[in-house]
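K.L.:
Sequence order for the protein chains is A and B. Here the first sequence is numbered in the working numbering, starting from 1 and rising by one per residue. Here the second sequence is numbered in the working numbering, starting from 1 and rising by one per residue.
The hints are simulated quantities; they were obtained by calculation from the structure and are not laboratory data.
Which stretches of chain B does chain A cover? Using the computed rule of at least three CB atoms under 8 Å from a CB of chain A, they are:
#1 413-420
#2 426-436
Under 7 Å between C-beta atoms, here's a sample of chain A residues computed to sit facing chain B:
#3 F83
#4 F152
#5 L156
#6 L163
#7 V189
#8 W192
Where a beta carbon is used, it is the ideal one built from N, C-alpha and C, also for glycine.
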Amino acid sequence: MTFDEGQGYVVLATLLAPVVAMTLLLFVPGNQKTAVRWISILAGAVMLGLSTYIFVAYQVESGGDFSPIQMQLRWDWIENTAFLGEDGIQLHLGVDGISALMVLLTGIVAFAGTLASIKLDYRTKDFFILFWALVAGVYGTFFSLDLFFFFFFYELAVVPLYLLIGVWGSTRKEYGALKLTLMLVAGSVLIWIGIFAVFHEAGLGTFNLVALWEAGESGGLSENFQKTFFPCFVIGCGVLAALWPFHTWSPDGHMSAPTAVSMVHAGVLMKLGAFGIIRLGIQLLPEGAEFWMPGLMVLGTIGAVYGAVAALTQRDFKLISGYSSVSHMGYVLMGLATMNAIGITGAVLQMFSHGVMTALVFLMIGAIYDQAHTRDLKDFGGIGKVMPLWVIFYTIAGLANVGLPGLSGFTAEFHIFVGTFRTYPVAGVLAIFAAALAAAYMLRLFSIVFFGPTNPRWLNLHDITPMERMSGALLIGAIIVMGVWWAPFVERVGDTVELLPRVAS
Amino acid sequence: MRDYTIFIPEFIAAGAALGLIGLELFVPRVRKDVLAYLTFLAAIAWAVAALFYIDKDPNTFENVVRVDHFTTFFRLLAAGCVAATALMSANYLRGRTATASEYYGLLLIAGCGAVYLAAARELLTAYISLEILSFSLYILVGFIKRDIRSSEASLKYILLGAFSSATLLYGISFVYGVTGSTYYDQIAAALAERSSDTDAGIIVGFMLILAGVGFKVSAAPFHMWAPDAYEGAPLPITGFLSTLSKAGGFALFLRLFTNAFQTDAVEWRWAVAVLAAVTMVVGNLIAIQQRNMKRLVAYSSISQVGYMLVVIAALGYGDDEVGQAASSALLLHMVGYIIATLALFTALTAYYNRTGDDSIGGLRGLAETQPFLALVITVSLFSYAGLPFFAGFATKLFMFQAAYTDELVWLVVLAVINSFVSLYYYLMVMRQMYLFDPRPGLARFRVSPVLWLLGAGLLAAVVFIGVYPGPAFEGAERAAEQLFERPFETEAAAAAGAPQQHVSVP
Numbered sequence: 001m002t003f004d005e006g007q008g009y010v011v012l013a014t015l016l017a018p019v020v021a022m023t024l025l026l027f028v029p030g031n032q033k034t035a036v037r038w039i040s041i042l043a044g045a046v047m048l049g050l051s052t053y054i055f056v057a058y059q060v061e062s063g064g065d066f067s068p069i070q071m072q073l074r075w076d077w078i079e080n081t082a083f084l085g086e087d088g089i090q091l092h093l094g095v096d097g098i099s100a101l102m103v104l105l106t107g108i109v110a111f112a113g114t115l116a117s118i119k120l121d122y123r124t125k126d127f128f129i130l131f132w133a134l135v136a137g138v139y140g141t142f143f144s145l146d147l148f149f150f151f152f153f154y155e156l157a158v159v160p161l162y163l164l165i166g167v168w169g170s171t172r173k174e175y176g177a178l179k180l181t182l183m184l185v186a187g188s189v190l191i192w193i194g195i196f197a198v199f200h201e202a203g204l205g206t207f208n209l210v211a212l213w214e215a216g217e218s219g220g221l222s223e224n225f226q227k228t229f230f231p232c233f234v235i236g237c238g239v240l241a242a243l244w245p246f247h248t249w250s251p252d253g254h255m256s257a258p259t260a261v262s263m264v265h266a267g268v269l270m271k272l273g274a275f276g277i278i279r280l281g282i283q284l285l286p287e288g289a290e291f292w293m294p295g296l297m298v299l300g301t302i303g304a305v306y307g308a309v310a311a312l313t314q315r316d317f318k319l320i321s322g323y324s325s326v327s328h329m330g331y332v333l334m335g336l337a338t339m340n341a342i343g344i345t346g347a348v349l350q351m352f353s354h355g356v357m358t359a360l361v362f363l364m365i366g367a368i369y370d371q372a373h374t375r376d377l378k379d380f381g382g383i384g385k386v387m388p389l390w391v392i393f394y395t396i397a398g399l400a401n402v403g404l405p406g407l408s409g410f411t412a413e414f415h416i417f418v419g420t421f422r423t424y425p426v427a428g429v430l431a432i433f434a435a436a437l438a439a440a441y442m443l444r445l446f447s448i449v450f451f452g453p454t455n456p457r458w459l460n461l462h463d464i465t466p467m468e469r470m471s472g473a474l475l476i477g478a479i480i481v482m483g484v485w486w487a488p489f490v491e492r493v494g495d496t497v498e499l500l501p502r503v504a505s
Numbered sequence: 001m002r003d004y005t006i007f008i009p010e011f012i013a014a015g016a017a018l019g020l021i022g023l024e025l026f027v028p029r030v031r032k033d034v035l036a037y038l039t040f041l042a043a044i045a046w047a048v049a050a051l052f053y054i055d056k057d058p059n060t061f062e063n064v065v066r067v068d069h070f071t072t073f074f075r076l077l078a079a080g081c082v083a084a085t086a087l088m089s090a091n092y093l094r095g096r097t098a099t100a101s102e103y104y105g106l107l108l109i110a111g112c113g114a115v116y117l118a119a120a121r122e123l124l125t126a127y128i129s130l131e132i133l134s135f136s137l138y139i140l141v142g143f144i145k146r147d148i149r150s151s152e153a154s155l156k157y158i159l160l161g162a163f164s165s166a167t168l169l170y171g172i173s174f175v176y177g178v179t180g181s182t183y184y185d186q187i188a189a190a191l192a193e194r195s196s197d198t199d200a201g202i203i204v205g206f207m208l209i210l211a212g213v214g215f216k217v218s219a220a221p222f223h224m225w226a227p228d229a230y231e232g233a234p235l236p237i238t239g240f241l242s243t244l245s246k247a248g249g250f251a252l253f254l255r256l257f258t259n260a261f262q263t264d265a266v267e268w269r270w271a272v273a274v275l276a277a278v279t280m281v282v283g284n285l286i287a288i289q290q291r292n293m294k295r296l297v298a299y300s301s302i303s304q305v306g307y308m309l310v311v312i313a314a315l316g317y318g319d320d321e322v323g324q325a326a327s328s329a330l331l332l333h334m335v336g337y338i339i340a341t342l343a344l345f346t347a348l349t350a351y352y353n354r355t356g357d358d359s360i361g362g363l364r365g366l367a368e369t370q371p372f373l374a375l376v377i378t379v380s381l382f383s384y385a386g387l388p389f390f391a392g393f394a395t396k397l398f399m400f401q402a403a404y405t406d407e408l409v410w411l412v413v414l415a416v417i418n419s420f421v422s423l424y425y426y427l428m429v430m431r432q433m434y435l436f437d438p439r440p441g442l443a444r445f446r447v448s449p450v451l452w453l454l455g456a457g458l459l460a461a462v463v464f465i466g467v468y469p470g471p472a473f474e475g476a477e478r479a480a481e482q483l484f485e486r487p488f489e490t491e492a493a494a495a496a497g498a499p500q501q502h503v504s505v506p
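Bound-form chain B, shown alone (with noise of 0.2 Å):
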């Protein structure tokens, strides 16, 4: 029997999508920030949805799809990061655009989009969750029209993005063609009995898989898109960029490696590592330089990358013990990451509404105009870096000592290295803030109460995780405990009964 039950959250976020389509369609006058307010009670009404399946089994559908803690942790996940990133949005875009309903309606799709990359446990499903993911947000980057620079990022975006699409089916295609299956169950048991012959075709595979998630992610040196989208986009849009995206990014990481690729892991463990490695190098170097804080954010999220592609790696070196406390703790820094981010990002549009100002000078005298605004911004950066009382403390601590296996030895300590590196730039825009008066002429502000209200529930979430990390440690390991299960042997069999194509193995 096909359970459409498992879909209903989603069936929320996209319904309300259409909804608020049509409501505009239909009340052109509409205010814009209304429309803002309903994106958020939908994604809340979404996440209440998705905690009714908490206490279930883990249900598939035609085994495609799964509905399981890790799929629930992802759902709370997008819902927590479209409500946050509608509310920022809400004044931001009234100025800018004539109409918005698409804007709150493809958030809340791309959100869906990365649930069922969560979700998916074929390759093909997941490949079509990526391109939902991807074109609302190649839209929603370039969504601000009259302003060349956010189409400029959208196109780059566009041509990369499609590169790197073109890629990822490339690695599915190869991976098909040894395996002869896109199910990530039956995938695990013809890698475990191929034979030798089909080695090139399989790590040819798994490079260009890797790729294109790379790209995804904004791995370098697949990282050259994100600077520019991030500094064109709108700045709400920046934040879902290196939230929701990069989160939608690792889960599907984290199926494949744990699941599907597991079985094979001598033949990708290597470049993961090597990928992490440049990744975080890359960032933090380039990150130094720059003197626009979306750049900036742009360039320190991809070295957070880096530090979280330890964790891929290490699911290659150790077992699954190893494996699953790694991934436990890769769940629980992203949360602290994505919350941070978010903070970061709510902080930086209270203040671009106010100045339109978006470079790390503009930043000047913050904490004498708007002390609550640099705080936040301080806490987020501080989280980043790692510093104790925030997330980043905890999250990165139990991350790095997770993946601290003896083969990976190098690769932690120069995480560590760079996680001290990074800390520098992150100075530097307190020094902007904190150091110094602010420009002549701008007088003490007040932030929007919306966003007063978003950014110190964020930041008491970063102290809170940060202090007490138990209570979302102990989340996020049910979530990643499912991963681990490894159903090939039995579930393998029921889905036998499901409509499938070419089983053969070559």
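The following block holds chain A by itself, in its conformation from the complex (with noise of 0.2 Å):
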């Protein structure tokens, strides 16, 4: 056994973590909450550290022989059956720079979340069974090297909101889980159509990714075939990353989810949809995004102003973080959309910093809506006299937001920037104006909740709960190292991303 199989074992480790914790959950009597909370913990906490492990263990290019993808680990699951040849579906894992840095934010979201739903007392086992089948679909997309499986664990990530919203959710929980399933599923009907094509174009009679990316790059898939079909994974995965105009699930489903929900929805799921981008569309068909990006820069600069700009007149917490997300994914999808090695690094910072930052937002909604049990903004004032731990946590949370330097934001946006003004600078002055907004935005929220005279409804309130504190310090712990010490994850992100197809340096 090689090392690079050894830590093979290590993907699949974190990848059965949630699925035993899940198995395990099955067997517990649905009353011995704190047995279904303590596997959660414990789950969670498994999950962090292999996480960590395997972000830290990614090698970087270090002069010698440098391959993207490490950690790779396969076995036959069907092959030579019917229209499946050599090799045709495999259990094959493996991550590159992009996928490390989303496992680390899955294992610090869902470790947060699960720490945040600890006080949940309403069918407390079967929330966490859902919830542990989602991080699992979350963590097989990223880890899959194979067609079949990434969809198999990409739609597994999205069946069970619908459970999770309709029944845990709060304020019209029924429309928003039906809206947000429905829409997202139709996205997936145009991944689905896309897969069927690309399997039956390539001829290959496999769906190992990786030799399909190569069938993309040497011309197995012909360039038209690949400009008619980019438009269905794009549209596919843009769905799930907010891409405007089918970003309208988005604040309806955010409004409506439970805390834990909403944090690992906005804070990783969404980052799904731009993987997938990358992985379909940027990797599989080369040819057809290069065609298309302009398209994608146009629909990411709407819509990181339009969320922008929709989030400055909300009343409700969560519909500013929800729009704010659409802006924010906006810019992910710009800095894709430059198909220049620096803006699509900062796309994917951007998918980490607004993983942990907007985790740490609804964190703190939720926090302050289980005591008050209302998220308008008008009803709050003085909560810095009342909460001031609550406040300086969601400032932290709030300035990453705006991209204040030495926080996560800036990092990802920089580098997002500056590979739009060397692409489209147009659409660079209105990400930097979409920016300035997102301060108007904050800081209005600021002023509104967090100072002038105290309403007397919310002196009782009490300040976060230590473990809520402990999640929140997690987060911020990672807001704050990659603003400040940034390299770690620019090197393996930009290491696999200047060997894309396509891609400028």
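Dock chain one against chain two, each of which comes alone in its own frame, and use the hints as you go.
P.N.:
Dropping the structure here:
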């Protein structure tokens, strides 16, 4: 067993951890809530540990021969049956620099989400079973190097959301849950069609993504074909990445979702969409990507500006964050659309940065909503005096959102802006305009909620619980580390991005 | 030499059917659920007997019936369906009828009918098998005599069924008229050589056969009987109707369209493609409006038939390689669909035994009162919708992938979109079960151990096929391979010695 293969088992263990947690929980009686919580905390901690290991152990380029895909592990699943040829479907796991960062993000957000949901008391067991199913889907998508399993896990990550939001949510939860599920699955329909087409066109009899990537680069997928089917993948994945104009599920879904689901959803799940665009768009159909990227740039820019403007006028905490997510995912799409190394690196960094910071925001919103049972900005005022720690945490998240130097948002957005200015200067100007708007809506929120006279209704609010402090501290740690010491992040992502097909350095 | 040994598995099943009827005749007070368990054992014996044919070479009886992997595949499927339906019926039937042996006997005989639909290599044999299956089902649907809906369903089913049989027979006579034979091999050979002035006749023949079998599998626009029959029939029989009865129809489709009619594919393939498109759209759109669970399943199974018909269309458009891959995928999908349906009906029966309610609204709060049943229903519906972890995801993906040929892109795209639409009404069921509190007065209840075990077993099977479809897929491929053996050069010569009537091509 080589070292790389040995590390492959770490990847497998990371994927299996949520599955094992899920299976264990199935056999715990529903009224043993303490046991349910401990199993979940333990599973979350294990996942965080393994994810961190994967990120740290990922070898950056240091002369010598560098292969971006590391820690591979593959098992034959089905081969030489019907239309499947050699290596038809494999459970092929591995990470490259992009997915290594995403895996780290998943570990952090999932653990933070677990800590935040510990106080949940209604059908705790069912909640965590679905929660771990979702996390398993997310990990699986990031690890999969096989198109079949990629789609398998991608769908798996979407499905539990209906129940998670419908049962444990708030504020028009049935509507939000149904809208979100139907829109996301409608997106998968496009991906599904794209998969059929790619498999048929490549004619390799295999779902192996690495082989299909090669086919995409070397002309196994004709130029016309790539141009035709690129929109299938990009719109299909774009729905999940809140690509304007397919973003409308996002604010409603966030408004309805329970805290931990909002955290994981905005924190990780939306990144699956952008990740899908990289994997299935840029890597699989490079010529299609080259042709369509200006279009994606337009949509991304509209999304970035539109989300920021919409956030300015909202009164609900979650809607502000929902629209701000649309805006930030707009940056991600802009970064991807530059097709140059610095822009795409920025997009991936932004995926991480937005993930941790938005998870922190939703954690804080959940912390106050559980006590106040309202999320209307106008109801609040002077909370700074009642919940000082809450205000500090929220402020850090908000400032990262705005892109304050020293916090993660700056690192990411800086890369994106540089990349955009190189290719589409007008879009770059608009992006900076959107960033300015972000400062406006965040400061508006701060001034209404944190300062001013304290409404006597809120005098008996408690500050955030120890679990929420731990969860928040973890996220803040990630925000600051990436803001201050970005080299490990940029190295890992950059090495992989430079090797993407048709990407200018 | 006539080889009767190839019939042994059905001798067991039919013998057991007669034995059961005799048992109740002489011991009228026998507990009715004991009969169900005996049927279960008989079906298991049937399946075990069928397993002995796995390693044997294909064998035919007078070139009329052929026992190969394809037949073995359907033997196992039929025996499994009968076994599961018998267990489901045990408690359901106990309080509702005074005599039950005919019910279980007919169940076994219907299974035999389905098997010979798959095994037949001659049109009249296939027709008779189809009638054995249908007649058994007519009686089974109307078995609860005191329930007026059951009788109504049966009557409607008989009338429309008789009409469709006549259509089928009329179609067969056209094909016979053009080709001069009812043997599949000879039909294939004759179709390859027929002159173009027989076009009209053969097209009418194909269309009538398509309509006749379309009735049996409830493809739109021949689906009108299905919702009423499903709603009125005893619950386990509704499950049986939507599994084995459809499987039998598709077995016939596969044999006919891979073998007998493939040489003339241009004449029928467009009709199958249109039929598939209409069926899936009609089934899905009407399913959205349903309030009754049985009717919902009826319409959803109509749309499932639409997806499966995509493969039959692909048989016409693709070459042998495509056809073989597509039929393997269809068989795999059928296994997943059947297991999920049986699981669904196990849960519905358990719930109905308790509450006597089969409306969708009646499932309100099931996640509180009986989480296991809610889980089983969820898993089966999600499997229908093709969500990952459950059989439907892999099997549907394979099926559509295999059927994806250049001419059928539109149909596959339509199927995928339909499969998305179906998610909506499945979610509506989920919503009742998980998002609402139970009706007041309905406390948590227990499921009988037999149904619990059956449900759990089927659930495990749905997940197994969903996660690791390999073994089932390989089995399906072995079964489908032999559909494409073209024996009409070799075997037709041997068959010439067998008794045949009128081999003159007009």
